[in-house]
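J.: All chains should be modelled from the sequences, with the hints used to inform the complete structure.
These protein sequence lines are chains D and X, in that order.
To convert, take the position in the first sequence, counting from 1, and add 627; that gives our numbering.
To convert, take the position in the second sequence, counting from 1, and add 115; that gives our numbering.
These aren't lab readings, by the way, just hints derived from the structure by calculation.
Don't take each hint at face value.
Straight-line C-alpha distance at most 30 Å; calculated DSBU-like pairs for lysine-lysine [to be verified]: (1) 168(X) with 717(D); (2) 283(X) with 717(D); (3) 168(X) with 684(D); (4) 629(D) with 168(X); (5) 193(X) with 724(D); (6) 168(X) with 762(D); (7) 120(X) with 312(X); (8) 120(X) with 629(D); (9) 668(D) with 120(X); (10) 283(X) with 762(D); (11) 283(X) with 668(D); (12) 629(D) with 283(X); (13) 193(X) with 161(X); (14) 693(D) with 168(X); (15) 312(X) with 161(X); (16) 283(X) with 724(D); (17) 193(X) with 668(D); (18) 668(D) with 168(X); (19) 312(X) with 283(X); (20) 120(X) with 717(D); (21) 724(D) with 168(X); (22) 168(X) with 193(X); (23) 684(D) with 120(X); (24) 762(D) with 203(X); (25) 168(X) with 755(D); (26) 668(D) with 312(X); (27) 693(D) with 629(D); (28) 629(D) with 684(D); (29) 120(X) with 168(X); (30) 717(D) with 193(X); (31) 717(D) with 312(X); (32) 203(X) with 168(X); (33) 762(D) with 668(D).
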Amino acid sequence: MKIASGDDVLITYALGSCVGTCIYDRGANIIGLSHILLPNKNAGDNNLYKFADTAIKELVRSMTAKGALVSRMQAKIAGGAQMFTNATIKIGENNQKAVIEQLNKLGIRIIAADLGENYGRTMECHAKDGRVIIKSFNRGLRDI
Amino acid sequence: MAVKKIENLSSYQLDVLREVGNIGAGHAATALATLLSDRVSMSVPKLEIVDIKDAAMVLGGPENPVVGILMTLSEDIKGIIMLVYEEKFLNVVIRTLLGKNIDGLNNLSEMDLSVFMEVGNIMVGTYLNALSELTKLNIGVSPPDICADMAGAVMSYPVSIFGMGGDKVLMIQEHFSGSEQITSHLIMMPENESLEKILRSLGAD
Numbered sequence: 628m629k630i631a632s633g634d635d636v637l638i639t640y641a642l643g644s645c646v647g648t649c650i651y652d653r654g655a656n657i658i659g660l661s662h663i664l665l666p667n668k669n670a671g672d673n674n675l676y677k678f679a680d681t682a683i684k685e686l687v688r689s690m691t692a693k694g695a696l697v698s699r700m701q702a703k704i705a706g707g708a709q710m711f712t713n714a715t716i717k718i719g720e721n722n723q724k725a726v727i728e729q730l731n732k733l734g735i736r737i738i739a740a741d742l743g744e745n746y747g748r749t750m751e752c753h754a755k756d757g758r759v760i761i762k763s764f765n766r767g768l769r770d771i
Numbered sequence: 116m117a118v119k120k121i122e123n124l125s126s127y128q129l130d131v132l133r134e135v136g137n138i139g140a141g142h143a144a145t146a147l148a149t150l151l152s153d154r155v156s157m158s159v160p161k162l163e164i165v166d167i168k169d170a171a172m173v174l175g176g177p178e179n180p181v182v183g184i185l186m187t188l189s190e191d192i193k194g195i196i197m198l199v200y201e202e203k204f205l206n207v208v209i210r211t212l213l214g215k216n217i218d219g220l221n222n223l224s225e226m227d228l229s230v231f232m233e234v235g236n237i238m239v240g241t242y243l244n245a246l247s248e249l250t251k252l253n254i255g256v257s258p259p260d261i262c263a264d265m266a267g268a269v270m271s272y273p274v275s276i277f278g279m280g281g282d283k284v285l286m287i288q289e290h291f292s293g294s295e296q297i298t299s300h301l302i303m304m305p306e307n308e309s310l311e312k313i314l315r316s317l318g319a320d
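T.: Printed below as a string of structure tokens:
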């Protein structure tokens with residue numbers, strides 16, 4: 628999890644089945660990025676940043692502590708692909724659902740999403756204007 | 116001894132596992148050399164306990180273009196085995212076996228992909244045969260599944276699977292290289308319970 632402001636750029640590389648969530652408060656010029664691996668925290672695992680349900684809550688909490696307001700926050704999400712076709716556990720899909728559910732629960736609007744399919748994505752988030760650029764292997768660059 | 120945490124393995128046990136990897140990889144290297152009619156050399160196997168978020172680093176960084184071939188292990192040993200091929204390696208494979216060149220990993224044909232899967236199948240098959248003979252354990256293996264993408268994205272599946280159980284994963288890793296400095300990695304990630312079985316079968320529990 629990373630938080631930035633000013634002209635900083637946050638990057639998370641090569642999201643596969645993982646989901647990257649970028650939350651932006653334009654008014655406070657604060658941007659945050661979380662990269663989750665799995666949908667729900669299991670008891671006994673203390674790594675909050677690995678799971679959608681705990682990581683997003685933690686990101687919002689930390690951003691609020693720096694002066695961001697939940698009512699102004701907007702989210703852009705990417706990833707959740709299914710990299711291997713025969714994989715029996717649909718981790719990517721479950722991750723997408725868990726992230727969306729958590730953002731809904733917190734009342735944060737999702738204004739852009741680039742999810743699913745079968746390819747990896749690098750996510751670049753700009754604190755200056757909330758722009759998120761998605762880089763992928765054979766689809767070039769895309770602004771979301 | 117129950118392997119509760121892979122961080123607690125003794126250095127002797129790690130040596131045993133490294134040697135197991137070595138023997139398996141020796142066979143796989145021979146198979147690859149026969150296939151490519153080339154000399155194939157093999158690194159000393161690396162046994163690493165890595166933080167799951169750094170798993171893609173061992174493959175040349177998260178955005179390195181690779182082809183990953185994934186197989187799931189069953190029966191006595193459960194876990195994941197993966198072959199990760201870098202672009203140059205794939206080119207040599209296709210040139211040798213199909214007599215043409217590939218121009219990058221973005222436009223691989225179905226034929227290219229099935230050749231890679233078959234090469235993967237052969238390498239993993241020989242590796243596991245050697246391992247099975249050594250340990251007298253039955254090892255089942257699924258058909259291969261393939262994906263061409265950034266290393267980080269390719270690794271996200273095994274990383275998530277192992278992420279359910281903790282933050283560390285044990286990777287038994289080999290590099291194979293031919294005369295043209297081509298590299299491929301064979302990575303085995305056994306579940307903790309299976310590690311225990313391997314060690315017990317070799318009297319290292």
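J.: Now tell me if each hint is right for this structure.
T.: Results of checking the hints against the structure:
1. 168(X) with 717(D): holds (20 Å)
2. 283(X) with 717(D): holds (22 Å)
3. 168(X) with 684(D): Satisfied, since the Cα-Cα distance of roughly 20 Å is no more than 30 Å.
4. 629(D) with 168(X): Within the cut-off at roughly 15 Å; holds.
5. 193(X) with 724(D): holds (28 Å)
6. 168(X) with 762(D): holds (20 Å)
7. 120(X) with 312(X): holds (15 Å)
8. 120(X) with 629(D): OK: residue 120(X) and residue 629(D) at ~29 Å, within 30 Å.
9. 668(D) with 120(X): Holds, at roughly 19 Å.
10. 283(X) with 762(D): holds (28 Å)
11. 283(X) with 668(D): Judged against 30 Å, a Cα distance of about 16 Å means the pair holds.
12. 629(D) with 283(X): Cα-Cα ~22 Å, so holds.
13. 193(X) with 161(X): holds (20 Å)
14. 693(D) with 168(X): The hint holds at about 26 Å.
15. 312(X) with 161(X): holds (20 Å)
16. 283(X) with 724(D): Between residue 283(X) and residue 724(D) the Cα gap is close to 26 Å, so the pair holds against 30 Å.
17. 193(X) with 668(D): holds (23 Å)
18. 668(D) with 168(X): holds (16 Å)
19. 312(X) with 283(X): Distance of about 19 Å is within 30 Å: holds.
20. 120(X) with 717(D): holds (26 Å)
21. 724(D) with 168(X): Holds. Residue 724(D) to residue 168(X) sits at ~22 Å (cutoff 30 Å).
22. 168(X) with 193(X): Answer holds: residue 168(X) to residue 193(X) is near 22 Å, not above 30 Å.
23. 684(D) with 120(X): Distance of about 29 Å is within 30 Å: holds.
24. 762(D) with 203(X): Judged against 30 Å, a Cα distance of about 22 Å means the pair holds.
25. 168(X) with 755(D): holds (28 Å)
26. 668(D) with 312(X): holds (29 Å)
27. 693(D) with 629(D): holds (12 Å)
28. 629(D) with 684(D): Cα-Cα ~13 Å, so holds.
29. 120(X) with 168(X): Holds - the C-alpha atoms of residue 168(X) and residue 120(X) are around 17 Å apart, at most 30 Å.
30. 717(D) with 193(X): holds (19 Å)
31. 717(D) with 312(X): Measuring from Cα to Cα gives roughly 29 Å; hence the hint holds.
32. 203(X) with 168(X): holds (26 Å)
33. 762(D) with 668(D): Between residue 762(D) and residue 668(D) the Cα gap is close to 29 Å, so the pair holds against 30 Å.
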